[in-house]
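Number of protein chains: 2
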Amino acid sequence: MGLVVQKYGGSSVADAEGIKRVAKRVVEAKKNGNQVVVVVSAMGDTTDELIDLAQEVSPIPSGREFDMLLTAGERISMALLAMAIKNLGHEAQSFTGSQAGVITDSVHNKARIIDVTPGRIKTSVDEGNIAIVAGFQGVSQDKKDITTLGRGGSDTTAVALAAALNADVCEIYTDVDGVFTADPRVVKKARKIDWISFEDMLELASSGSKVLLHRCVEYARRYNIPIHVRSSFSGLKGTWVSNEPQGDQPMEQAIISGVAHDTSEAKVTVVGVPDKPGEAARIFRAIADSEVNIDMVVQNVSAASTGLTDISFTLPKAEGRKAVAALEKTRAAVGFDSLRYDDQIAKISLVGAGMKTNPGVTATFFEALSNAGVNIELISTSEIRISVVTRADDVNEAVRAVHTAFGLDTDSDEAVVYGGTGR
Amino acid sequence: MGLVVQKYGGSSVADAEGIKRVAKRVVEAKKNGNQVVVVVSAMGDTTDELIDLAQEVSPIPSGREFDMLLTAGERISMALLAMAIKNLGHEAQSFTGSQAGVITDSVHNKARIIDVTPGRIKTSVDEGNIAIVAGFQGVSQDKKDITTLGRGGSDTTAVALAAALNADVCEIYTDVDGVFTADPRVVKKARKIDWISFEDMLELASSGSKVLLHRCVEYARRYNIPIHVRSSFSGLKGTWVSNEPQGDQPMEQAIISGVAHDTSEAKVTVVGVPDKPGEAARIFRAIADSEVNIDMVVQNVSAASTGLTDISFTLPKAEGRKAVAALEKTRAAVGFDSLRYDDQIAKISLVGAGMKTNPGVTATFFEALSNAGVNIELISTSEIRISVVTRADDVNEAVRAVHTAFGLDTDSDEAVVYGGTGR
Chain A
1 MGLVVQKYGG SSVADAEGIK RVAKRVVEAK KNGNQVVVVV SAMGDTTDEL
51 IDLAQEVSPI PSGREFDMLL TAGERISMAL LAMAIKNLGH EAQSFTGSQA
101 GVITDSVHNK ARIIDVTPGR IKTSVDEGNI AIVAGFQGVS QDKKDITTLG
151 RGGSDTTAVA LAAALNADVC EIYTDVDGVF TADPRVVKKA RKIDWISFED
201 MLELASSGSK VLLHRCVEYA RRYNIPIHVR SSFSGLKGTW VSNEPQGDQP
251 MEQAIISGVA HDTSEAKVTV VGVPDKPGEA ARIFRAIADS EVNIDMVVQN
301 VSAASTGLTD ISFTLPKAEG RKAVAALEKT RAAVGFDSLR YDDQIAKISL
351 VGAGMKTNPG VTATFFEALS NAGVNIELIS TSEIRISVVT RADDVNEAVR
401 AVHTAFGLDT DSDEAVVYGG TGR
Chain B
1 MGLVVQKYGG SSVADAEGIK RVAKRVVEAK KNGNQVVVVV SAMGDTTDEL
51 IDLAQEVSPI PSGREFDMLL TAGERISMAL LAMAIKNLGH EAQSFTGSQA
101 GVITDSVHNK ARIIDVTPGR IKTSVDEGNI AIVAGFQGVS QDKKDITTLG
151 RGGSDTTAVA LAAALNADVC EIYTDVDGVF TADPRVVKKA RKIDWISFED
201 MLELASSGSK VLLHRCVEYA RRYNIPIHVR SSFSGLKGTW VSNEPQGDQP
251 MEQAIISGVA HDTSEAKVTV VGVPDKPGEA ARIFRAIADS EVNIDMVVQN
301 VSAASTGLTD ISFTLPKAEG RKAVAALEKT RAAVGFDSLR YDDQIAKISL
351 VGAGMKTNPG VTATFFEALS NAGVNIELIS TSEIRISVVT RADDVNEAVR
401 AVHTAFGLDT DSDEAVVYGG TGR
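One line per chain: the protein sequences are A and B, in this order.
With full-length UniProt numbering, letter number 48 in the first sequence gets 48, and the count goes up by one each step, no holes.
With full-length UniProt numbering, letter number 216 in the second sequence gets 216, and the count goes up by one each step, no holes.
Chain A with its partners taken away, still in its complex shape (with noise of 0.2 Å):
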């Protein structure tokens, strides 16, 4: 048929029983006509105790060492994989990153894939072996040091290869079906998503979806991979991500794709800023020079008594420290006169193509707020996407009414399948 490339998480290979049940999945795809390339990620809480292990010996770990230590965790899944493969009489090898050919840049513990050269891998499946390769890792193209990717570290090595190898399709198995029209822990009748195009994906993701990483749908989408979101315990389609509808899936993008939160961010709001050209600019260039990332920027019109406005801005909780500490520096240059800072919020965002050309969304979506009693404290707006800053507390219910609102709810009985008897 074609080349698979699946990606299988820690979740999926927790334990013995895990790694079998997915090299039973493994051997289905090669038993289906197709050249099977596997990425596979450190089993369950290997990760963790390798963390716990160098914080005894070091409270610094080096970024090198650290690395070097952290890939152990793929090794081991891997080759069991492998072994578990060949038990079910396949023929199967692991790989590292760096036999892989995963050619990353030096930044330890974030490293970013500079190319790929999967020649072993080509080798090994066209001489009929199921190449299981381990995600997260590299080797550096200066130093020939091993590195790893950072969060999400294994998707993005899994779309990778799927890319260098000209692959038909990511499979990125996880613990859920797929991607949903909101988090099925917080909205009960949240749909599964079956097909969404890499630019709401992308959206639902850098707005707190955590199905999968930004990072990894940016790569898909530059390189044109369609992926296949999808349970590693049960047998049923999963939500595909892609330019166009897959097969047999709706050619009509819906109006809006999914309802996603966060409240993993903070706000933080400086007050009376004099408003006049190059302050914003003085304000942002300090919390770039500290390295925090920003992410919803908003500043109202100021009032013409004052001449004074206020900027707020979100950014990661881990981060406010060290941005109200940059802040606090330019003070005097900058003149403002108060900074506030509030880590109880959450970010609601409506996401969806269709916005563009059905005006009255953004109405519909205050009104739903507003009859859920929710106040809204921060508005912004990207083309296909709407996002408000709420408090915290309300985060759930906002959710939950902004997902009636546009009638993405489901039957309750078709909802989220958890686990399953596989196809």
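What the hints contain is simulated information worked out from the structure, not anything from laboratory work.
From a predicted model like this one, the values you see are computed outputs, not experimental measurements.
Worth double-checking, as some hints may not be accurate.
The list cannot tell twin chains apart, which means a pair is met if one copy fits it or any two copies do.
Stated by the list, open to error - Subject to a maximum C-alpha distance of 30 Å in a straight line, what follows is the list of computed DSS-like cross-link-like pairs (lysine-lysine):
no.	residue 1	residue 2
1	Lys122	Lys143
2	Lys24	Lys122
3	Lys20	Lys144
4	Lys143	Lys24
5	Lys122	Lys20
6	Lys188	Lys237
7	Lys317	Lys210
8	Lys144	Lys24
9	Lys144	Lys122
10	Lys144	Lys31
11	Lys210	Lys188
12	Lys110	Lys322
13	Lys110	Lys122
The hints should help you fit chain B onto chain A, whose structure is shown.
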């Protein structure tokens, strides 16, 4: 001063505390002005845990994947050791066997070292780093697959690196104070040996002494690399193994180096073998074809009346079943009467180059055993070793009797020291 290769076994790096203690000792060697290369095994029980995992997913783990799995163990310990050293303010870099240039053949699980090309290690120490190298592992010359060296592999890695780097000494750190004149667990008055020649050490190793494996000593002898076996828990001098005494060591070798014993072997006797040319060859060809390694071989003159003789040999207990099966198949062709298999035996060996020029040694040895009431079942000698086979039950008494008879006992006050305060 020079270049020192140090090797630490799994018991020395069993936990975070052990790793920190080793880090201190490594840094001490560096502070003494040496370039330092450290070879490290997997932490304590890691290897056993990985083997258990492998057996959960596959009853017969494959060679290639088994090696991939096991090598995760050293990757963890070496990265942690590098971090611990950096935490003490010294620069350290860890390297896999492959990165360190340990090139092997393709025999997985018991690969042999073909070549060592330690370019990266040399560069690393020349730049002022302490280089940490994974023991026990290499990369195959033809397929570039990860291999492991089998039993005692880390010691061999250390000696091979020492040879390739032209090191001044290879220090093997272990959990005992050095090589003793007998196993201190059996002989309370066993004495630590200050210096022993390669030849005597080789005989001790092949006679059951477990401190150093034959393979590692053989490698050191071929490249003339002095080995210093010592405790990682104390600061004491250990045992030097080399061609010539070092420094303040006695210039003249002792008559007897030590008494070794081995209870891991079994004895096979082929009864009633026709005493004519070619019969013994047929028997041992059958054994060799079944890939069983044999140790002692004894055949006595045949009884004139029958023209039949008995041939006995010893072999590892684990290989007994295979050998007996192979022999049964040759029974018709060889025409022997019966087979006897006995795994309740012990081998006691006296080793010392001095016995070449001291004719009374054999007599003293047998008298000591006789006085202790120990019956001798088989005798075999080399130029610098006498070995006998006795009942397994007699082994401790036999070893003690021989140790005393050759004046090897020390005052109990000076006996083995475990642990210590460091220097």
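Do the hints match the structure? See the list:
1. For a Cα distance limit of 30 Å, the shortest separation of lysine 122 from lysine 143 qualifies both inside one copy, at 25 Å, and across copies, at 15 Å.
2. With identical chains, the CA atoms of lysine 24 and lysine 122 are at most 30 Å apart within one copy only, with a shortest distance of 22 Å there and 46 Å across copies.
3. In this assembly of identical chains, the alpha carbons of lysine 20 and lysine 144 lie at most 30 Å apart only when taken from different copies (27 Å versus 33 Å within one copy).
4. Taking identical chains as interchangeable, the C-alpha atoms of lysine 143 and lysine 24 lie at most 30 Å apart only when they sit on different chains, with a minimum of 28 Å there against 38 Å within one chain.
5. For the homomeric pair lysine 122 and lysine 20, the shortest alpha-carbon distance inside one copy (25 Å) is at most 30 Å, but the shortest distance between copies (43 Å) is not.
6. Proximity of lysine 188 to lysine 237 under the C-alpha cut-off of 30 Å is restricted to the intra-copy arrangement: shortest distance 20 Å within a copy versus 70 Å between copies.
7. Proximity of lysine 317 and lysine 210 under a CA criterion of 30 Å is satisfied intra-copy only: 17 Å inside one chain copy versus 56 Å between copies.
8. In this homomeric assembly, lysine 144 and lysine 24 come within 30 Å of each other (Cα to Cα) only across copies, at 28 Å, whereas the closest approach inside a single copy is 35 Å.
9. When the C-alpha separation of lysine 144 and lysine 122 is checked against a cutoff of 30 Å, the pair qualifies both within a copy, at 22 Å, and between copies, at 15 Å.
10. Taking identical chains as interchangeable, the C-alpha atoms of lysine 144 and lysine 31 lie at most 30 Å apart only when they sit on different chains, with a minimum of 29 Å there against 37 Å within one chain.
11. Proximity of lysine 210 to lysine 188 under the C-alpha cut-off of 30 Å is restricted to the intra-copy arrangement: shortest distance 17 Å within a copy versus 64 Å between copies.
12. Proximity of lysine 110 to lysine 322 under the C-alpha cut-off of 30 Å is restricted to the intra-copy arrangement: shortest distance 20 Å within a copy versus 53 Å between copies.
13. In this assembly of identical chains, the alpha carbons of lysine 110 and lysine 122 lie at most 30 Å apart whether taken from the same copy (26 Å) or from different copies (28 Å).
No hint from the list above goes unmet by this structure.
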